[in-house]
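Given the coordinates of chain A, work out where chain B should sit on it, guided by the hints.
Line order of the protein sequences matches chains A and B.
The working numbering numbers the first residue of the first sequence as 1 and each following residue consecutively.
The working numbering numbers the first residue of the second sequence as 1 and each following residue consecutively.
Keep in mind the hints are simulated off the structure, nothing from the lab.
Heads up, some of the hints might be wrong.
To be verified - Some but not every residue of chain A turned toward chain B, in silico, with C-beta under 7 Å:
id : residue
1  : Ala47
2  : Tyr48
3  : Ala51
4  : Thr168
5  : Leu172
6  : Pro174
7  : Ile255
8  : Glu378
9  : Glu484
Glycine included, C-beta positions come from ideal geometry on N, C-alpha and C.
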Amino acid sequence: MQSKKLIITTFLIGLLALSCSLEENPVGFLSSENFYETEGDALSAVAYAYAILPEIEYYSRHFYLVTTVPTEEFTLKPDVGASQHDLDQLRPLANNREVTDVFRYAYIGVNRANMVIEEVPQIQMDETLRNQLIGEGHFLRALHYFNLVRLFGDVPLHASAIRDVESTMQGLTPQEDIYQFIIEDLNEAIELMDQQNRYGRANQVAAWGLLSKVYLHLASAGATGVEGFEFVTDPESYYELASVYSGYVVNDQNIYYLEEDLREIFSVYNEGGPERIFYATVDRAGENEGNYSKMPLLINPYLDGAEIELLDGISFPSGWNHVITEEGFYFSFDEEDLRRNELMVDSVIVDGEYLTYPGGGIEAPFTRKFIDPDQTGEQTSTDIPILRYSDILLTYAEAEGPTAEGYNAINQIRNRAGLDDLEPGLSPSDFRDAVLDERSWELAFEGHRLFDLRRTNKMEEILQGRYGKTIHNNAYYYEIPQIERDVNDLID
Amino acid sequence: MGNTVQLQIYLKALLTILLIFSFSVNVAAQDTGHLVEGTVTDVDGEPLIGVNIFLKSDRSIGTTTNLEGNFSLRVADENEVLIFSYLGFSTKEVPLEGRSQIQVEMAYGAMMGDELVVVGYGEMRRSDMTGSVSQVPAERLENLQSHSLDRMLQGRVPGLLVMGPSGEPGEGVTMRIRGASSLHGSNSPLYVVDGFPLGSAGDLNQINPSDIKSIEVLKDASAAAIYGSRGANGVILVTTTSQTDDHSTRINLNIQNGVSTLAQDLDIFTDPVQYAIVANESRVNAGQDALFTGQTYLGTYYPSEAELRSGDWPHRTNWQDEVYRNAITNDYTLSIEGGSDQTRYIFSGNYYAEEGLTINNRYERLSGRVYLNQQVTDDLNVSANVNLSMTDRERSSASYGRSPVFPVYDENGEYFQIGPQDYWHPIALAREVTDQGESIDVVASGRATWNIRENLNFNSQINLSYGESVWDNFQPSRYTSTGNQFDGFGSIANFRNRSWASENYLSYQNEFAGVHRLNLTTGVTTEQSITRTSNLEGRGFINESLGNEDLNAAEETIVNNSQVEEVLLSALGRANYVYDERYLLTFTSRLDGSSKFGSNNQWAFFPSGAIGWNLHNEEFLQDQELLSEVKLRLSYGLTGNQGISPYQTLDRLGSNEYFLDGRFVTAYGPGIFRWDDFFKIWSGIANPDLKWETTEQVNLGLELGFLYNRVTLTADVYHKRTRDLLRLQRLPISSGFDEIWVNDGVIDNRGFELAAEANLLRGSFIWNLGAMYSLNRNEVVGVGDSDFEFWGSEIEMFRTPVNVLKEGSPLFAFYGYKTDGIIQTLEEGLAAGLTGEQAQPGEIKYVDLNGDGVVDADDRTIIGDPNPDFIFSISTDFYYRQFDLSFMLYGAIGGDVFNLQKFSTASAQMQRWTPDNPTNEYPSLNNLRGYEVSDWWIEDGSYLRIQNITLGYTLNEPGFLPLDRLRFYFSADNLHTFTRFQSGFDPEVGENGLNWGFYPRPTKFMFGINVTI
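Okay, chain A solo, but in the shape it has when bound (with noise of 0.2 Å):
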């Protein structure tokens, strides 16, 4: 008798050890369930989408490379990898690593954006707050498929967030409708926008400007037959779109303007400055790459490993001399250039020793729109330029075309470089050139070239043309990745 009650007695200490439940109780990370439901929660949400953008596979390297190293203004160094070697040759292959990644991460981004525009609606909160915040989100998920249209043409369109494998896959969508969308996206988030200057964060001004270079896109490609863009059945209506709103940035708000210190512009001390619509942010005591940023460090000259003094005294270590300025580029600028002369850098002084280009121990003269003087290691709180004013300026110069306005918008940016104004009286389309020339020196090194010449179908005529580069393929258009292919049953 007695050890049966102790059998039952025991058997009952092994179930109740069974008890035990196998609900998994996440801890130490937040889901879906225990989010998305304060203030806080949304502002944070926000951050979030907004945090993708300096990552180093999209903003500070991936995406930089990518729109800037196929053009005429960098070259590699020789051991840098086949894939970014084939982008500087224009031979990318569909598995190219720095495109796929760029692909990969603005669609990080769409996701991020789109669980904004689904969760943050829920939320009790200022309404006006929660506005803004909306807006943001369709402001983010313009600006990420404007970058995919404009490097993949037709891509997958993710109109909500994934929340299940099941929705993962999206066949192609035609560019025509993309640019609507991102039309819409815009228009919307001018409405729920204000145009107070949060730094590092968008506006109403900022939605203005990028939709205006949508609209621009769109008629320069339509005007000067870019392939794919025969849905443009009437460019000049784009023009006219493209002027209003880059109208809007130009007449009709006070917060932005152009610097008139060119040096300042770039400073890195000069966060929220009067040029500085729309940067994607970091800084130098971020944690990991993404915070902060190696971004310049691609560009700054390995020059005996060392400290590196500028001529009025700042001071930077050795970068990795990763792109190097193309010399056909150098000297496409003016000689009394001041966007040359005091934006690039052909003497240093290493160890107490002057070093010069050409010749004088400096391989290439290289850019110092990005350096940050406070470098820490290798961190640095270089901002990476989305929408600048002046890009914006031009972008009015070029809808407007040769009218008074037009002539207006570019020759302040020239008079600012220290150039005379441009030569008056010119067709529209001459003007439009020499606008896109002075787009190239005045935004040289902000991952701006490769799209205009792909908008004005100008890739051949001026890379091969007058920089003596060979195209091999992709002019116009990366390849959908091929990892994407390989997996997305609906795409091939």
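Frame of chain A; chain B shown alone:
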């Protein structure tokens, strides 16, 4: 480590006192009673040495026979019965009946069959077993010198592959039982120590090898199914010593000291002239300016080749001599055991310290164990077992690949740095970088066995394990690139795991009608594990003298922490039926529920069944003496693998920071990432269907014993098929996610195992021989939707991984170009379909495999297989008089090694292609060459190693010494490796077959003394 040193001193002092004390006790106990003397021989009259003799009334009193087979023993009662026992002979009882002289003749007997084998939740008679289980008794491990048990198992168990490419003290190994059967889940066997499944948190380093009684390796489904969802990779059961029938107090002391040396000289440049020539040529061929031209570059003077040749250059640094040393190992073990009829105890302590071959590199461990067993009442026995270990480890990242042209120190006694960004000075790295850690592990269990009825036992065991480690790292701003990047970098990584398991099971055994024997076991278990980690990091130190001791003084501090919980609930059962000692039937099953798996698939059932046939007990095999044992077994069953990390089934939000308004704000949203080298791979979509991998295995075994089991042979063939592989399925990247855990894909492992043991000679000269052979073939049957995927990280040199998983190929096969020597002329290169730099003379000639006229990515194919064709070992021992000699050979044949170091050694670079040396073996030197993955890098990694040789001298003649036993021994580990693999490197590499140039495996010589009182 001050504490450990002190403890070491205490330990030594204690040992000395104990020794002196016990000598006197033993001497005093010898002289009263009736003296019996005699001789023990076999049936042929040959004297038997070392026969155990003890009293039937008190087994703690006894002796052993000497070299002539003689013994003498004092007994209190002249009518005592003496028991004689000897391996390979039938145990014999001899009543004294007042005699003082006796002659004992012992008959050969089959001992096999009656010994108990630990099988998980109980023990089984070996003759009743139907599963494939290999047993490694502790005696087999006795002579091997290592801090860890896992290394000792190499070559000991058929079907168990142990790979330990690094020879650094404290480094772990990779173990595979019957091949890898998972792609992304764990492939490691489950370790179970005294019934406690250590799970993913545990490894065998926590156990002091000298505490081990036996190790059982469960290989087939019938044996492993009792561990259900964790059994698919096999199970290693470790049993530590427990009570014996012998009550006497026994003290055992083992002291061994030794020295480790480099097994072979490194193949590095020692001649500055050669180095300069090669360095200049590599740069010039890459279009760079030569350095060694008598110029100052980057602040360093590079002498010209002529200057070096003239002999005036003052430096000629041999970095091998600077970095490596002859390293010392100390190992002290003391154990005391004893007790009474009701109480048994074992105390043991071990101190182990091993210096690494490189400077500032060491591993120390102090471990202790307490075992107590109390017979509370006639039917209740309780025991407690506590293992405690403390380890201390100091690593050094010193390497030897450095220019012999430059000295170790400059004229000011500072480390000589080559250029302003020199982060590779080995001595600076060894001395100035802090990279050390300490850990504490406690494994404890309490167990009660209730003998409810004669045939029914209830076992309840509570297990606790606690492990904690702290790892310190500090990199001063000057000597490492990380230190430089952050202007001084320090971190403290904390880890803590707390697990418990409660196991309750009933076992029933009975015999009916003389021919039926039934063994039943059933029970329930619960396990929970909680792991917490934190990493404290400081970046930017104004003053570096405190190292990482005050991280708060850093300009920037970063904290990361995590917590992971797992729960496993199970019910298990095993039925074993034996009919007439001839026909055997086993059914085993386990039901497991795991928190790690999706809500739709939380519970799984793992059944297995097996049959066995003891043919030697059949009538028709009775009238012969040749075959003493013939047994056939056949098993089939399912086991599982749940080796993924928790929380993979939930939708997860990631976090990041974004810099707004002059500060970082915390951001949350969809997508979490893991690092794949430099790249972030994103996941986070929930998969509520995620479940176990299931391995289906069939095993056919044959056991043979000849001549009273003087020769035994065990052979097994198996086929394992693993389905529902846990796999990271790629998602369309346009979804914003890269991957998700799913169950698909199939892997096959097929193999054959053989183990043989023979007692070739016995009598005064004993010779035993053992051999092990195992062969495993694995094949990727499917990897989800695609038939191909890369495996492992991208290798920078090639910008792609080297290993792949490809349908129809072995796991981890190498994938790349075939090559055909070296291009000799540009025409030859162009004709081969190569272009640009790759078509130049002196380049590797890649083959246009598909014949389309161009060499491109489509020409890649499977070019090698890292899995060995077979592994084997041969071990043998000789005993003659007081001497014993044993050695073991271990070999792995037919595995390819992808040798990333092939062109890094001095001798390889000296054989480079040049226009004057148009070799077909090596390409020209070129600093900036973009290499492709190709078979040029692949070498045959077959090897045969003299794993261990031990020579011992044992004194155990009664009366000669006031000791029971005194043994001296000398052993050598890793004495020589026979291989065609590149000189300077060991061909034993990891599972993926890549040779990175691992920490060299030392050759180790040890001298030891073992005293038993």
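Going down the list of hints, with the structure as the test:
1. Ala47: This hint holds: A/Ala47 lies near chain B, its Cβ roughly 4 Å from the closest one there, short of 7 Å.
2. Tyr48: Result: holds, 3 Å to nearest chain B Cβ.
3. Ala51: Result: holds, 4 Å to nearest chain B Cβ.
4. Thr168: With a minimum Cβ separation of about 4 Å from chain B (threshold 7 Å), the hint on A/Thr168 holds.
5. Leu172: Hint on A/Leu172: violated, closest Cβ of chain B at ~9 Å, above 7 Å.
6. Pro174: Interface hint status for A/Pro174: violated (15 Å vs cutoff 7 Å).
7. Ile255: Constraint on A/Ile255 not satisfied, violated at 16 Å.
8. Glu378: 5 Å, holds
9. Glu484: Cβ of A/Glu484 sits 5 Å from chain B, so the hint holds.
Of the numbered hints listed earlier, those contradicted by the structure are 5, 6 and 7.
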